[in-house]
Amino acid sequence: MGRFSAWLKEDRNKVTLLILVTAVCLALELVVHLVIGVNVVYTHFFYVVLVMAGIWFCRRAVWLAMCLGGSHVAVSIYLNEGITASLVRAVMLIVVTYIVGSLAAEKREYEQELMASREQAERKRSALVAYIAECTVRLKSPVELVRENLAGIISRMETGSIEAGEMKMTLAVQIGHADQILANLHELNEAIIAEQQDIPDAYREFLMR
Amino acid sequence: MPFSLERIGDSKLFLVLSSAATIRKDHIDIIKTLIGTEYRVLVVTTNQPYVILKKIYGKEGINLSKTFFVDAITKYATGSALENTPDCRFINNPANLTDMGIAINETLNTLKGEQVCILLDSISTMLIYIPSINISKFIHFITSKLRLVDAAGIFLAVEKGLDPLLMTQLSTFVDETVDMEEDPHKTQS
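So the sequence lines, in the order shown, correspond to chains R and P.
Here our numbering runs 107 ahead of the position in the first sequence, where the first position is 1.
Here our numbering runs 64 ahead of the position in the second sequence, where the first position is 1.
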């Protein structure tokens with residue numbers, strides 16, 4: 108069963124199976140209806156084919172229903188039977204196929220929308236994770252460096268090996284680093300706020316300060 | 065621990081990983097080792113200003129005649145309009161990779177015919193100003209340039225401060241990755 112299901116996943120195989128089963132339907136039409144002269148019961152088998160076609164090919168299956176219904180009506184006309192009952196059966200084949208095809212189309216659209224929405228959510232989540240990782244990289248080790256640079260200044264102050272001008276310049280560099288780190292942090296907050304719509308306004312405002 | 069120049073053989077490009085606490089000391093150790101050889105060293109600094117580095121080098125007894133600088137932090141941090149000196153080119157902003165690339169290129173051209181080694185201090189500081197994707201492109205540009213002119217390059221970074229993707233990319237650009245916290249002879253190609 109599993110192997111058959113796997114085989115059926117390809118459209119080409121579905122078409123092959125439908126052609127075979129349709130051929131069986133037409134054979135039934137010829138043998139049972141045309142040769143034996145029975146025009147009821149066997150047409151129920153047509154629904155199996157048409158439901159399969161409706162599920163697989165949605166509303167396009169109506170064309171197959173019209174062919175099978177048409178062949179049934181044609182044989183009735185050829186046998187000179189009353190065609191009202193045959194016409195009703197043919198119309199029912201078409202209506203049922205249309206309903207199955209429409210339901211299948213709706214299900215397929217819903218599945219595609221669901222998949223697209225999942226993919227979009229996954230893309231957004233991946234982008235946010237990548238962005239957070241990038242910002243972490245641009246915050247963590249730089250802050251460690253600034254800390255070590257400041258510790259270096261203190262240690263040089265303690266040994267008296269740093270002049271005032273040198274200290275001023277070194278501190279200015281650290282302030283420059285700190286300014287940019289703050290800007291990076293602000294950028295990260297903006298990205299998170301843009302992504303997460305459920306953050307309360309008060310926190311949103313706080314993060315944007 | 066000093067950076068061993070035994071490593072500079074067939075391999076010429078190194079990503080050197082230090083801890084934040086020892087990166088300054090490792091910088092000095094590497095410079096000392098390089099100056100003791102035939103190499104002329106081009107220091108590209110985004111972490112410590114040229115003036116400070118010169119003073120530190122002087123105190124450490126490093127021969128300054130063999131060092132050249134590309135300083136990308138002094139102008140940005142102090143806001144002063146500095147003129148280039150014979151041994152230093154100043155860049156307005158550490159994020160200006162185009163100017164940095166030009167300055168490195170010009171300095172390499174002036175040192176044509178000599179054994180040159182670039183010491184970039186540091187990728188971690190550059191990350192403050194530049195997204196990692198741009199750093200990756202820049203390091204790729206520099207390593208390609210260095211290979212073309214047969215120069216050596218040492219890129220300092222704080223260990224554990226680089227994300228896995230950036231680390232993988234940088235590792236592919238260089239010949240060896242040296243972790244200064246690990247065994248000095250243990251390298252990752």
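The hints are simulated quantities; they were obtained by calculation from the structure and are not laboratory data.
This structure is a prediction, so every number in the text was calculated from the model and none was measured.
Possibly wrong hints are sitting among the right ones.
Partial list, computed: chain R residues near chain P (C-beta under 10 angstroms) [as the list claims (entries may be wrong)]:
(1) Gly-109
(2) Lys-231
(3) Thr-243
(4) Leu-246
(5) Ser-248
(6) Leu-252
Non-contacting residues of chain R with respect to chain P, defined by C-beta distances greater than 10 angstroms in every case (computed) [what the hints assert, rightly or not]:
(7) Leu-135
(8) Phe-152
(9) Cys-174
(10) Glu-188
(11) Gly-189
(12) Leu-210
(13) Glu-218
(14) Arg-225
(15) Arg-245
(16) Ile-282
(17) Gln-287
Don't be surprised by glycine CBs; every beta carbon is placed ideally from N, CA and C.
Cross-check of the supplied hints:
With a least beta-carbon distance of about 39 angstroms to chain P, the hint placing Gly-109 (chain R) at the interface is violated under the 10 angstroms criterion. A hinted interface residue such as Lys-231 (chain R) counts as satisfied when its beta carbon comes closer than 10 angstroms to some beta carbon of chain P; here the least separation is about 19 angstroms, so the hint is violated. With its C-beta approaching chain P no nearer than about 8 angstroms, Thr-243 (chain R) sits inside the 10 angstroms limit, and its interface hint holds. For Leu-246 (chain R), the shortest C-beta to C-beta distance to chain P is roughly 8 angstroms, which falls under 10 angstroms, so the interface hint holds.
Here the hint on Ser-248 (chain R) is kept, as its CB sits about 3 angstroms from the closest CB of chain P, short of 10 angstroms. For the restraint placing Leu-252 (chain R) at the interface with chain P, the shortest Cβ-Cβ distance is roughly 5 angstroms, inside the 10 angstroms limit, so the hint holds. Under the 10 angstroms C-beta cut-off, the non-interface status given to Leu-135 (chain R) relative to chain P holds; the minimum distance is some 64 angstroms. Consistency note on Phe-152 (chain R): stated as away from chain P, and its beta-carbon is indeed over 10 angstroms from all of that chain's, at 60 angstroms minimum.
Listed as outside the interface, Cys-174 (chain R) is consistent with that label: its C-beta sits roughly 58 angstroms from the nearest C-beta of chain P, beyond the 10 angstroms cut-off. With a minimum CB-CB distance of about 76 angstroms to chain P, Glu-188 (chain R) clears the 10 angstroms threshold, and the non-interface call stands. With a minimum CB-CB distance of about 77 angstroms to chain P, Gly-189 (chain R) clears the 10 angstroms threshold, and the non-interface call stands. Once the 10 angstroms rule is applied to beta carbons, Leu-210 (chain R) is consistent with being away from chain P; the minimum gap is 46 angstroms.
With a minimum CB-CB distance of about 34 angstroms to chain P, Glu-218 (chain R) clears the 10 angstroms threshold, and the non-interface call stands. With 10 angstroms as the threshold on Cβ separation, the claim that Arg-225 (chain R) sits away from chain P holds: the shortest Cβ distance comes to roughly 24 angstroms. Residue-level check failed: Arg-245 (chain R) sits 5 angstroms from the nearest beta carbon of chain P, not beyond 10 angstroms. Not every CB of chain P is more than 10 angstroms from the CB of Ile-282 (chain R) (nearest about 7 angstroms), against its label as outside the interface.
Not every C-beta of chain P lies more than 10 angstroms from that of Gln-287 (chain R), the closest at about 5 angstroms, which undercuts listing it as non-interface.
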